[in-house]
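Enquirer: Given these sequences and hints, build the entire structure.
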Amino acid sequence: MRVLPCADSGLLVELDDLTEVRALHAALEADRPEGVTDFVPAARTLLLRLGPGADVTAIEHAVRTVRPGEVADTDSELLRVPVVYDGVDLAEVAELTGLTEREVIAEHTGTEWTVAFGGFAPGFGYLMGGSPKLEVPRRVESRTRVPLGAVGLAGSFSGIYPRESPGGWQLIGRTELRMWQVDREPPALLRPGVRVRFEEAE
Amino acid sequence: MNRDRASVGLEVLEPGPLATVQDLGRHGLAGIGVGSSGAADRGSLRLANRLLGNDENAAAVEVTFGGFAARALRDLTVAITGAPCPVTVDERGAATNALVRVPAGAVLRLGVPDRGLRAYVAVRGGIAVDPVLGSRSTDVLSGLGPEQLCAGVELPVGPAPRQLPVTDFAPVAPLPADELVLTVVPGPRQDWFTCEAFAALLRESYAVTSETNRVGIRLDGPELARSRDDELPSEGMVMGSLQVPPSGRPTLFLADHPVTGGYPVIAVVVACDVDKAAQARPGMRVRFTVKGRGHR
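Those sequence lines, one after another, are chains A and B. Residue 101 in full-length UniProt numbering sits at position 101 of the first sequence; the count goes up by one each step and never skips. Residue 121 in full-length UniProt numbering sits at position 121 of the second sequence; the count goes up by one each step and never skips.
I should point out that these hints are in silico values taken from the structure, not numbers from a laboratory. Computed from a prediction, not measured in an experiment: that's the story for all the values here. A hint or two may mislead.
To be verified - FRET-style restraints, in silico, Cβ to Cβ: (1) A:Val3 <-> B:Cys195: 19 to 27 Å; (2) B:Gln148 <-> A:Glu135: 34 to 42 Å; (3) A:Leu148 <-> B:Ala225: 36 to 44 Å; (4) B:Ala170 <-> A:Ser156: 51 to 59 Å; (5) B:Asp220 <-> A:Leu148: 33 to 41 Å; (6) A:Glu101 <-> B:Glu231: 26 to 34 Å; (7) A:Pro137 <-> B:Gly283: 36 to 44 Å; (8) A:Ala27 <-> B:Asp220: 37 to 45 Å.
Just so it is clear, CB atoms sit at the ideal spot from N, CA and C, and this is done for glycine as well.
Expert: If you want it as structure tokens, here you go:
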């Protein structure tokens with residue numbers, strides 16, 4: 001573990017992998033050190049954002065001494081996401097992976113994914129744990145407009161666009177399920193730890 | 001509109017280049033991609049609210065580069081802080097950093113400030129637009145919160161707080177005109193840069209470019225060379241981060257910065273100086289001076 005200070009505004013904790021990030025996040029969330037206003041989990045880091053006057057030394061001590069617990073995946077919520085697999089990049093993903101389009105769909109729906117972290121936009125979740133056969137690069141050129149609900153792949157991640165935005169992921173389908181609604185509780189369906197199962201819609 | 005009479009406040013006549021509602025921001029939702037947003041110059045918003053006896057977190061109008069005008073729809077008490085704009089109430093001059101009475105029907109007007117960038121128009125009772133996810137702030141990056149203000153918008157004002165204003169004027173140090181000095185601490189990825197890069201950041205001055213908004217300030221100056229070329233997995237960012245994209249020229253993150261970023265942060269501006277940075281206008285020079293770890 002490396003604890004990297006961000007002036008008096010944050011502590012960036014660098015860890016070995018996502019499992020450690022989630023364990024530390026869960027432990028600190030359960031016993032939040034005074035002065036921490038927000039947690040930002042990412043692939044290998046957990047950022048603690050600090051409020052004015054936070055005691056950075058005390059918080060760093062809490063980070064170094066907390067006992068990260070086991071994060072039990074099966075206890076978290078399972079979200080079923082119906083997808084129409086008619087994305088503009090489906091053929092290209094098939095070509096890149098050496099699968100047929102039907103096989104791409106089978107691989108995407110065949111495993112359970114888990115939200116690793118967010119960050120790109122409110123309600124966006126980086127989904128991990130899918131089939132390694134689906135690993136594809138981002139598009140060489142980003143699209144200026146990706147529609148709301150588009151389901152994409154990039155690297156080993158899958159994701160769902162929570163609103164219309166620019167984006168560089170390979171689009172394989174779309175869902176009617178709204179990932180982000182400010183007037184709903186919770187506003188984001190995809191929160192770190194939530195498990196996701198894609199299902200082919202009619 | 002069927003609005004409660006008690007909440008009637010002021011009508012925007014001219015927003016100027018950009019006017020938004022801001023409080024101290026949204027907290028606790030960064031994990032689902034929601035940025036903190038809030039007033040770019042938090043100290044100035046707090047000062048205005050303290051003058052008025054408001055809660056520090058009460059929402060106000062953040063006016064960018066003056067040019068703002070609004071009509072009081074009932075008798076209001078306001079305070080204007082931040083960039084020192086010339087202020088008038090029905091053409092009569094009024095002070096900044098002070099309590100100002102605006103009678104019903106009168107027009108409050110902010111001219112272009114000769115220094116600084118952002119002024120805060122706070123009203124006793126606070127701007128009472130509906131909060132979104134716990135804050136009334138407009139986040140220009142994610143689009144959360146109220147729309148940016150345009151002519152004709154009526155802003156409701158909340159009930160006056162119990163607390164009475166204790167002073168009617170606050171002395172404030174003048175903002176610098178040409179060169180801004182900001183205190184930094186080495187950033188979490190300082191080791192991704194050459195030693196010379198950090199030395200250059202402290203030695204040279206950087207220009208505030210016209211690409212500056214609530215998200216951040218793009219700076220122009222000597223290129224900050226990296227010592228490693230691998231890709232940084234996206235990680236959480238804080239306000240005040242000096243993030244260095246492939247151009248080698250740093251961007252200083254302000255209130256509406258992205259929650260995560262994929263470029264290394266060479267240094268972080270201390271929290272109280274982020275307020276000063278939020279007053280930097282294009283063309284100004286910025287110098288960075290270092291404060292060791294342990295600074296509060």
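Enquirer: Each hint should be assessed against the structure and marked as holding or not.
Expert: So, going through the hints one by one against the coordinates:
no.: 1; hint: A:Val3 <-> B:Cys195: 19 to 27 Å; result: holds (22 Å)
no.: 2; hint: B:Gln148 <-> A:Glu135: 34 to 42 Å; result: holds (41 Å)
no.: 3; hint: A:Leu148 <-> B:Ala225: 36 to 44 Å; result: holds (40 Å)
no.: 4; hint: B:Ala170 <-> A:Ser156: 51 to 59 Å; result: holds (54 Å)
no.: 5; hint: B:Asp220 <-> A:Leu148: 33 to 41 Å; result: holds (36 Å)
no.: 6; hint: A:Glu101 <-> B:Glu231: 26 to 34 Å; result: holds (30 Å)
no.: 7; hint: A:Pro137 <-> B:Gly283: 36 to 44 Å; result: holds (41 Å)
no.: 8; hint: A:Ala27 <-> B:Asp220: 37 to 45 Å; result: holds (43 Å)
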